[in-house]
Amino acid sequence: MTSPAPKPAGGHRLTVPPGFAPPPLGGNRARSDLTTTMTTITTDLAEIGGLLTPGEDLSDLQLIADSLTALAGFEMATISVARADGHLHMVVVSGQESARADLLGIVTPIEQLEAELARADDWGIFKFVPAERLDPSADVYGWIPTMKPIDAAGAWNPLDLLVAPLRDDAGRLRGTLIVDIPTDGLRPNPEKRAVLSRHAVQAQRAILLALEREELSEQVRLAEAARDVIRRAGRELDPDEILNSLSTGLVDVLDLTDFWLHMSKPGGRGIRTKVYREDFKLPIGDLTSPYMVEYGQYLWDQRSITVQTPDGAERLPHPDPEAQRLITEWIRHYKVGSIVGVPIGSGQTWYGAMLLGRGPDKPHWSELELITAADLGRDFGRVVHNSRAYLRQKAAVDSLRELEAHKSRLIATVAHELKNPLSAFRWNIESLPYAESEEEYAEVLTALTRNRDRTEKIVADLAMLSKVSDPDHLPATVPIQVVGVLEEVYSQLSAEMPTSDAHELVFEMPSEDVYVTLAPGDLDRVVINLVTNAIKYSPEGGQVIVSTRTSPGWFELRVTDHGLGISPEDQDRLFTEFFRSTNPTALKQPGTGLGLTIVSRIVSRRGGLISVDSTPGAGSTFRVTLPIV
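Quick note: the sequence shown, position 23, residue 21 per the working numbering, numbers continuous.
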């Protein structure tokens, strides 16, 4: 008898490169339909997945395997245990030391072994697959003993497979016991089979006991891992960082395929949706539709979770049968194995729901995992509650800081804007007695008048900003005829525009009689501010176009120029009080930075919108949209 090479244990196979020819009997030889792949794990036994740890459990199994080789008349015995990944992991090898390193850690798909067992002879707890039933034309090869069969009836063939599938009370395969290379060179007779069966029963009990101990250890690990997820999420203050921390942690702890989280305010208005895998193209709108949002509220009211599968709800179905039918169809359509819905809340407040998804190839949820998921929903609810309390406090502090900064900007801007005309007033008043001619006297008076007008404009803008920004004193509104206002503004601006300026004003009147609801004078102010702003930042000879468009329920006013344009950075702050462009050319133009802010406040307080499209150096288009009466 020669030393054996590593042999497929319970269907462990290696894929052989093309062109490899099977050697004669006694070397590597084809074994039919065992598995398509054998993967050798090179890590030590402690890293085989944590199913069995070095110690008493492993030594018990090793003792059983050793006794088989000593008492049952076999040179090799191996024990594999089933894992949640759907594979058998070999953890014990007894017999030939030369094969131990090669065999430990080999994995085999359970479904492949089950297929092999369907062709086996039933020897009680053992199943026997004789070499004669193998397909010699198969292109998959495995490691088998290097031995020459004896010349006798019932001789053991190196390709024979003798395996005891070890199952629990529910019939699940939990492990295998395989023996190989009988010392007498013969296939076991009934007496030898009886000895093998007794040892297989002992192996079955030892493996199940080891798995129970492992499950207990898993409970402790899962509870600690769940607490760690909440601790890490609780250390974050930003909502997005909290969601990222939670989703990543839960995917690892609960062995998820997918994770969705939808945060809602009471009443159902969604505010944030988190998806773990962006490439998993699920219709998030379905998960956040009203009937699903109501379902999340219902789960919180019941202080319970739901488990949904392609066959329906295993616990706490949707109270609306039609909605439950849609959920089940949704799961079937997208081939989701199962989804656990977990409400999120704290105290009497519901915040949203987590949907924990597993694919069809994942194990079903254990009661421990469901309890852990429910606890995580409540714990995360407290994290969300604390985060929102922090954000409210931060918002209040930020608001006070912004108010203080706003006041400082106001004082600085007003002081700056008034400084120049007041200085001009003083200089011109002091120069007035020294005028030597009527022409000099007239020039001083003109300068005084110009600076008076500038000062009045600053004061008027400040007063108007205060007026349009006061939410407690909204002025009375009336229907305003758009065409009449545009004609009046066109006449006013045309008359005021210096002939030397040579700007071209183009007003395109609406084709129908349109009315909007505003305070008297507001539409005039909007149009005048936008047009004069366009003129100010357009070169001489430039064209400013005022156009209109109507749609059901809405009126749109557009003011387009071909002037300096506005950078993207400036556009973000364009309607902020006292904001002046960062463009040096634009800064040469006088102004308070209040005109566009006033326009924005007038439009927004009447339910309208204002926006700008602009390209630096190519001009700008301002759009004002107002509801039609």
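Accuracy of the hints is not assured; some may be wrong.
Derived lysine-lysine pairs resembling DSS-like cross-links, with alpha carbons at most 30 Å apart [claimed, not checked]: (1) K455 / K465; (2) K392 / K455; (3) K417 / K360; (4) K417 / K405; (5) K417 / K333; (6) K125 / K190.
If you're looking for bench data, these hints aren't it; they were derived computationally from the structure. Just so we're clear, the structure is a prediction, and the values are computed from it rather than from any experiment.
Going down the list of hints, with the structure as the test:
1. K455 / K465: Distance of about 15 Å is within 30 Å: holds.
2. K392 / K455: violated, 38 Å
3. K417 / K360: violated, 75 Å
4. K417 / K405: Within the cut-off at roughly 18 Å; holds.
5. K417 / K333: This hinted pair is violated, its Cα atoms lying about 72 Å apart.
6. K125 / K190: holds, 14 Å
Checked against the numbered hints listed earlier, the structure breaks hints 2, 3, 5; every other hint is satisfied.
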